[in-house]
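Hey, can you work out the whole structure from these sequences and the hints?
First residue of the sequence shown: 0, per numbering that gives the first Met the number 0; consecutive thereafter.
A hint or two may mislead.
[What the hints assert, rightly or not] Pair by pair, the computed Cβ-Cβ distance ranges are:
#1 N297 / P197: 23 to 33 Å
#2 L78 / I230: 48 to 58 Å
#3 S273 / S77: 52 to 62 Å
#4 D196 / K156: 27 to 37 Å
[Said to hold, decoys possible] Capping the alpha-carbon separation at 27 Å, the derived lysine-lysine pairs in BS3-like fashion look like this:
#5 K329 / K266
#6 K242 / K252
#7 K264 / K329
#8 K266 / K364
#9 K329 / K252
#10 K243 / K264
Read the hints as simulated data drawn from the structure, not as lab findings. Each residue gets a CB set at the ideal place from its N, CA and C atoms; glycine is no exception.
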Amino acid sequence: MKQKQIFFLLLILFTAPAINTIIAQDDEPIIYFQMEPLDDSLFIHIQEALFIDPPDPKAEIIADLRDPNNQTISIKGSLYPFLALNPELRARIITYPFKINLEEDINYGSVFTRVVGRLKISKLTQPPTKQQISSTLWYINPFLQMLGGERFGVPIKKDLGISFGFQTRYEGPINSNFVEANFHMLGAYGGAFTNFDPIIQGILSENHNNLIVTTGFQLGYVFPFGNFFEISFLSVTEEFTEKKIKGYYGPDKATVVFNEDSTVKYKAWLVEGSYFNWEFRYPIKVLGSTKGRVYVANYLDEYHFGIDFREMSLAGSTFDFWFDAMPSSKNRLPQYALNLMVQKIAESWAFSTFSIGPSLILSTKADGSFGLLKIFVNFRLKVGSSL
Numbered sequence: 000m001k002q003k004q005i006f007f008l009l010l011i012l013f014t015a016p017a018i019n020t021i022i023a024q025d026d027e028p029i030i031y032f033q034m035e036p037l038d039d040s041l042f043i044h045i046q047e048a049l050f051i052d053p054p055d056p057k058a059e060i061i062a063d064l065r066d067p068n069n070q071t072i073s074i075k076g077s078l079y080p081f082l083a084l085n086p087e088l089r090a091r092i093i094t095y096p097f098k099i100n101l102e103e104d105i106n107y108g109s110v111f112t113r114v115v116g117r118l119k120i121s122k123l124t125q126p127p128t129k130q131q132i133s134s135t136l137w138y139i140n141p142f143l144q145m146l147g148g149e150r151f152g153v154p155i156k157k158d159l160g161i162s163f164g165f166q167t168r169y170e171g172p173i174n175s176n177f178v179e180a181n182f183h184m185l186g187a188y189g190g191a192f193t194n195f196d197p198i199i200q201g202i203l204s205e206n207h208n209n210l211i212v213t214t215g216f217q218l219g220y221v222f223p224f225g226n227f228f229e230i231s232f233l234s235v236t237e238e239f240t241e242k243k244i245k246g247y248y249g250p251d252k253a254t255v256v257f258n259e260d261s262t263v264k265y266k267a268w269l270v271e272g273s274y275f276n277w278e279f280r281y282p283i284k285v286l287g288s289t290k291g292r293v294y295v296a297n298y299l300d301e302y303h304f305g306i307d308f309r310e311m312s313l314a315g316s317t318f319d320f321w322f323d324a325m326p327s328s329k330n331r332l333p334q335y336a337l338n339l340m341v342q343k344i345a346e347s348w349a350f351s352t353f354s355i356g357p358s359l360i361l362s363t364k365a366d367g368s369f370g371l372l373k374i375f376v377n378f379r380l381k382v383g384s385s386l
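The following block contains the structure:
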């Protein structure tokens, strides 16, 4: 199967479930339901009215209106009287269009027939927040991810701040020793990167497509009038010594694959030189996501196409989804990376701040076949409030 066909197959596979949820609500009133977290402002207002501090825009909220004399609302497992809310909020909850009916009968066929999303087209996609389209505030990001993804961005004073992250923004799990830190000001940024070898040292197979760096610096700028186009310059300042090359290409590292005649078939890329990079992106909200983008980029002479969404909501679940396709590179084999992390699996403060799930890479394996190159458990912490 050609790589382009694989890319479109994966795209269809992961977008089909969302398309299937675009159906209308039933006319029959629902009086025992969980509210889909697709309206951040309403969820915050409900919790503020009940003196819940800080409010969580992705909290699990269940309304039980079956008994007229004992109507309740449950927020993250804590029960409150429905009448504790003012009439306006009660009316908004009763008429809330995105409900999961908890009175539905479940049977063995429900996994195939039950469509729990009941989303309207107007809520499938929404305009992004003002911060997401700002060329000076785009870097602000409360999500600290263990491997890859967008950088963790801390605002010191609005358009002045810092960011850092492990692996590049486009790299799959445990496939690069790249670590970076940057200083941001008025849409421009500058920083340094270096190698953190423990990221890749624990894996002893299928390392022939690794991206390996030493140290260097980078400068970048996001064009004003919207967060849609970013350019950057990256330069490696430390060369690979013979000792380092032997260490990265050691016989036990699985970074080099040989042909039968002992010539090199595949090998990991030791990054050297300077590169001009760019990314064209369109910030968007999908399924109530608090941060998201669709992008095409050229980074280190490698082309990338992908989507990245945080805190999407579907059928009562909150999850992150990222997919990156690298179909063309001057130094490595094409690869396709995917990351899926699920929220609401922990308790207390971690209920809405901790997400965990699989992260994987599909590419050409050492034996020449196309398949699963690497898979690892990835996680992220939500350190700040939602965007």
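Verification of the supplied hints:
1. N297 / P197: 23 to 33 Å: holds, 29 Å
2. L78 / I230: 48 to 58 Å: Given about 53 Å between the Cβ atoms, the range holds.
3. S273 / S77: 52 to 62 Å: The hinted range 52 to 62 Å holds for S273 and S77, with Cβ atoms some 56 Å apart.
4. D196 / K156: 27 to 37 Å: Hint holds: Cβ distance 35 Å, inside 27 to 37 Å.
5. K329 / K266: holds, 13 Å
6. K242 / K252: Given pair K242, K252 holds - Cα atoms ~14 Å apart, limit 27 Å.
7. K264 / K329: Holds, at roughly 15 Å.
8. K266 / K364: holds, 11 Å
9. K329 / K252: Measuring from Cα to Cα gives roughly 22 Å; hence the hint holds.
10. K243 / K264: Given pair K243, K264 holds - Cα atoms ~21 Å apart, limit 27 Å.
Of the numbered hints listed earlier, not one is contradicted by the structure.
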